[in-house]
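*Asks:* The listed protein sequences correspond, in order, to chains X and Y.
Per the numbering used here, the first sequence starts with residue 1, numbered consecutively.
Per the numbering used here, the second sequence starts with residue 1001, numbered consecutively.
To be clear, the hints were calculated from the coordinates, so they are not data collected in a lab.
Fair warning: there could be bad hints in the mix.
[As the list claims (entries may be wrong)] Straight-line alpha carbon distances no greater than 27 Å define the calculated BS3-like cross-link-like pairs of lysine-lysine that follow:
1) Y:Lys1040 x X:Lys238
2) Y:Lys1010 x X:Lys207
3) X:Lys305 x X:Lys180
4) X:Lys99 x X:Lys207
5) X:Lys99 x X:Lys305
6) Y:Lys1051 x Y:Lys1010
[As the list claims (entries may be wrong)] Just the calculated beta-carbon pair ranges, DEER-fashion:
7) Y:Ile1028 x X:Lys99: 49 to 57 Å
8) X:Gly297 x Y:Ala1025: 34 to 42 Å
9) X:Val252 x Y:Glu1052: 21 to 29 Å
[To be verified] Okay, the calculated bits of chain X under chain Y, using three or more residues with CB under 8 Å as the criterion:
10) 83-95
11) 116-128
12) 356-363
13) 374-388
Note that the Cβ used here is the ideal one computed from N, Cα and C, for glycine as well.
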Amino acid sequence: MTTVETATGTAKTMVLNMGPQHPSTHGVLRVLLELDGENVVTSVPDIGYLHTGIEKSCEDKTYSQAITLTDRMDYLNPLGNNLVYCLAVEKLLGLEPPKRAQYIRVMMVELQRISSHLVWLGTHAIDMGAMSVMLYCFREREEILKIFERFAGQRMMTSYIRIGGVALQPPAGWREMVKKFVDMMPARIDEYEALLTENPIWQGRLKGVGYLPAETLVALSTTGPGLRAAGVNYDNRKMFPYSSYEEFDFAVPTRTESDCFARYLVRVAEMRESIKIVRQAMDKITDDGLIKADAPGIIPPEREKMKTEMEALIYHFKIFTEGFSPPPGEAFVAVESPRGELGCFVASDGSPKPLRVHFRGPSFVNLQALPFMVQGQLIADVVASIGTIDIVLGEVDR
Amino acid sequence: MSELANANAKVVAERIRAWNAEAVAEIIEYRGEITIVVPKQLLRASARYCKEAPELNFNLLSDITCVDRFPIEPRFEMNYQLVSIARRERIRLRTALTGAIPVVDSLIPVWPGANWLEREVFDLFGITFEGHTDLRRILLPDAFVGAPLRRDFPTEGQR
């Protein structure tokens, strides 16, 4: 073994600083790698570059105001963040949104799941050297963002899901728009698979890379596609159904190889399942109906009522000046985000502002597994492993 | 949570009580969630029992978080969300810590995944985890002074 004499003694290994500006770290992740040649001896992730104190800021806002902050955590899954926060507050309040609103929520978060997986697939393919896939993925993602814009007026930070329901009635012509998308999408996924699944370079870069046994993944609290690629069938939509998921017919794709390639296959299969769920949700959403629960004092009244009813005007004033006060207590809700178990813990002390809001970000917890995945592997495999963990630094750092 | 799952969660509390009567200080039921309040000194043993007893089998530690109830004492409440994947069940363990001694046993020996979750609480609440292998700040810079998620820390920051 060649050694190098340094000022501090004989060194066999070197320390390489990867990130926080390295493009394959998907934002501002820094990993300190101790290398023996090109093999990783140890690795230490360093996070926090994007910490914005969202949990602290939530304590200074009313329950409704905090929704806009949740959009900005996992910026590839804003609707999922809205959903978990609203479900937690609704649980505190003992409020159940009307079925129609629940189906709209399901449709929106499943579209969001597809768009998130598309960004993942495109950027991961770039990391692995397949440039063109990203262009196709972002083309389809654009269609989803257009749907969001029609529904919510915003492409990304929609804040569409509100406490007690959703913000707006579905726009005119939404059915044709969504139908056009779900009819087009399966063939497009076939295209991505034609580019990648049988591609020998893609297989060579992913197969057998980043392996961890299922027991280790569970011990490290990993959830989401990473865990399902190891054969553990854990999906909150099936295990602890929320927002009427129990009424939908879909499969939870799993693999057993637990390597980067298995995680890729699981995500692609999940996109196909999400299309199925969107189709079912479209059938369930009636043309007319309620989108908000009937809870005066919590849900802002309709504009028309405010102009004719004194009571509605008072409630409107109260909600937007003071907010509403859930009874003291705590609630924890977990949903299945594209990255895994997204949890929200809300504690109320009976005042109009939350005592504590905590988000259990799947990116944050899943990233713990990185040093175990890359130990003894090559630097290039570190890139593949970071990619298939699918971190969003906005959620890691919050 | 359905009525049935709720009944199951109560069974869990009874099992823990049968294992060690002192381990269950209180059972809180709210909005269908069961919280088992555990004395601080029995936290790690109770957590290990929840994980390893085959009839409980809480193999996944989902989340660790803290609530600061300042100025009420004991001000800190540690909340541990456990999941049993095989039995499709969730439960919450809770233990109270005083402002004078914000120290609790680390759960890394039980679930290695507790590592970063505990570091986050250490970073933002200033709670020390005894037996933690790598207790450093995780989100904030090392030079930061204070624990920002404590209720007596102003939202706009300290000058």
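*Asks:* Taking the numbered hints from earlier one at a time, note which ones the structure violates and give those numbers from smallest to largest.
*Replies:* 1, 2, 3, 4, 7, 11, 13
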